[in-house]
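Make one complex out of these two single chains by using the hints.
Same order as they appear, the protein sequences are chains A and B.
Take the first sequence: its letters are residues 1 to 113, numbered as in the numbering used here.
Take the second sequence: its letters are residues 1 to 111, numbered as in the numbering used here.
It is possible that part of the hints are untrue.
What the hints assert, rightly or not - A few chain A residues that don't get close to chain B, going by computed Cβ distances all over 12 Å: (1) 22; (2) 24; (3) 27; (4) 28; (5) 43; (6) 52; (7) 55; (8) 65; (9) 72; (10) 73; (11) 79; (12) 80; (13) 87; (14) 112.
Unchecked claim - Under the rule of at most 20 Å between Cα atoms (straight-line distance), these lysine to aspartate or glutamate pairs were calculated in the DMTMM-like manner: (15) B/93 - A/56; (16) B/56 - B/78; (17) A/83 - A/53; (18) B/42 - A/3.
Hints were generated in silico from the structure; no laboratory data involved.
Nothing here was measured: the structure is a model prediction, and the numbers come from that model.
All residues carry an ideal CB built from backbone N, CA and C; glycine is no exception.
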Amino acid sequence: EPEVTQTPSHQVTQMGQEVILRCVPISNHLYFYWYRQILGQKVEFLVSFYNNEISEKSEIFDDQFSVERPDGSNFTLKIRSTKLEDSAMYFCASNFVSGSEQFFGPGTRLTVL
Amino acid sequence: QKEVEQNSGPLSVPEGAIASLNCTYSDRGSQSFFWYRQYSGKSPELIMFIYSNGDKEDGRFTAQLNKASQYVSLLIRDSQPSDSATYLCAVRKDTGNQFYFGTGTSLTVIP
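Here chain B stands alone, though its shape is the one from the complex (with noise of 0.2 Å):
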């Protein structure tokens, strides 16, 4: 069983719609989770993290954690074509400091 496991896309969305962007993960223990942006050839780019469970709002960006479901999602609001991109879920369990990937979605805003 993965650790972390994302639908890998694409997902293509209109310009100004909703994307939304799901993540389950293995560990119940699992603590910390975090949502980065990777363009192609590049880093990840932290966009925001979630430690609690219910919504988090930063901008046009709401991190949802269900921890009962071992459940996190990102949506994306009034979507962009900048915000085309691939989407890490990342985890960090109980002990340790490593974040646990997962494959990433591909997100394609179209104008």
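Chain A extracted, bound-state conformation (with noise of 0.2 Å):
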């Protein structure tokens, strides 16, 4: 079965430097999203992608926060300049059709110290 895959699993960065997290969304997939799951807290959006471009942002999505489609597979999420905030599971997501269901990766632990 078809699945979103995510690296590394875990991050471990210094507060300042700059972390690209990777995604390989599921093949047919035409959108594309991250969220973010601060320890104990809800799963929050961050931004959904679909034709190259951004469709959605939240608030959180802020000027340190970027994405892009590098190829025709991989689906990235870089941080310029981290923060001890910005600590959190990512989760990247992907689906078929808007509005229809999405199927989430297995995650990125990002560890800002």
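Below is the structure:
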């Protein structure tokens, strides 16, 4: 069964450093998303991406964040200068049809020291 | 006002019983409703979705939607210890693709 994959599973970085989180969505899906979940809190939307551009973003997704689909399979989230409060699980998700069920990857745990 | 509200629990039921999980949402124009299961340290896993008022059954799971009351629920019949997890309610509004998640209800099924 096709699934969303994410790498790395755990990333530790120093405050102020740049990180890139990688995702491979399900191959025939057209819509891609990043969510985050701070420990003990709810899953929060960051950004959605369709047709090689951002279609929606939340207030969390400020200038420190960017997304890219560098090739036909990968979808990346870059955080330019990490802060302590960026420590969270980051989930990539995808779906084929707008508004349909989203399938989540296993997540990347980001720890900012 | 929160977009999606769930009772955080914990909810404990004995094995074999029916577990009932509830969710309310604030945007009357919301179109699509999803239940995800999340084990500790893992990602959300889709259980089922519902778009229309009424009940939708899938195996041991039944989702119920009442748009007039802005209420969606999940019933788990014949609960098993493996059902012990946090259940997340997610809602998509009438515009956009983002899902709004509740904080989740922690369910423990006692053998």
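Now for the hints, and whether the structure bears them out:
{"no.": "1", "hint": "22", "verdict": "holds (15 Å)"}
{"no.": "2", "hint": "24", "verdict": "holds (14 Å)"}
{"no.": "3", "hint": "27", "verdict": "holds (18 Å)"}
{"no.": "4", "hint": "28", "verdict": "holds (17 Å)"}
{"no.": "5", "hint": "43", "verdict": "violated (4 Å)"}
{"no.": "6", "hint": "52", "verdict": "holds (15 Å)"}
{"no.": "7", "hint": "55", "verdict": "violated (7 Å)"}
{"no.": "8", "hint": "65", "verdict": "holds (15 Å)"}
{"no.": "9", "hint": "72", "verdict": "holds (21 Å)"}
{"no.": "10", "hint": "73", "verdict": "holds (19 Å)"}
{"no.": "11", "hint": "79", "verdict": "holds (19 Å)"}
{"no.": "12", "hint": "80", "verdict": "holds (22 Å)"}
{"no.": "13", "hint": "87", "verdict": "holds (15 Å)"}
{"no.": "14", "hint": "112", "verdict": "holds (18 Å)"}
{"no.": "15", "hint": "B/93 - A/56", "verdict": "holds (13 Å)"}
{"no.": "16", "hint": "B/56 - B/78", "verdict": "holds (17 Å)"}
{"no.": "17", "hint": "A/83 - A/53", "verdict": "violated (26 Å)"}
{"no.": "18", "hint": "B/42 - A/3", "verdict": "holds (14 Å)"}
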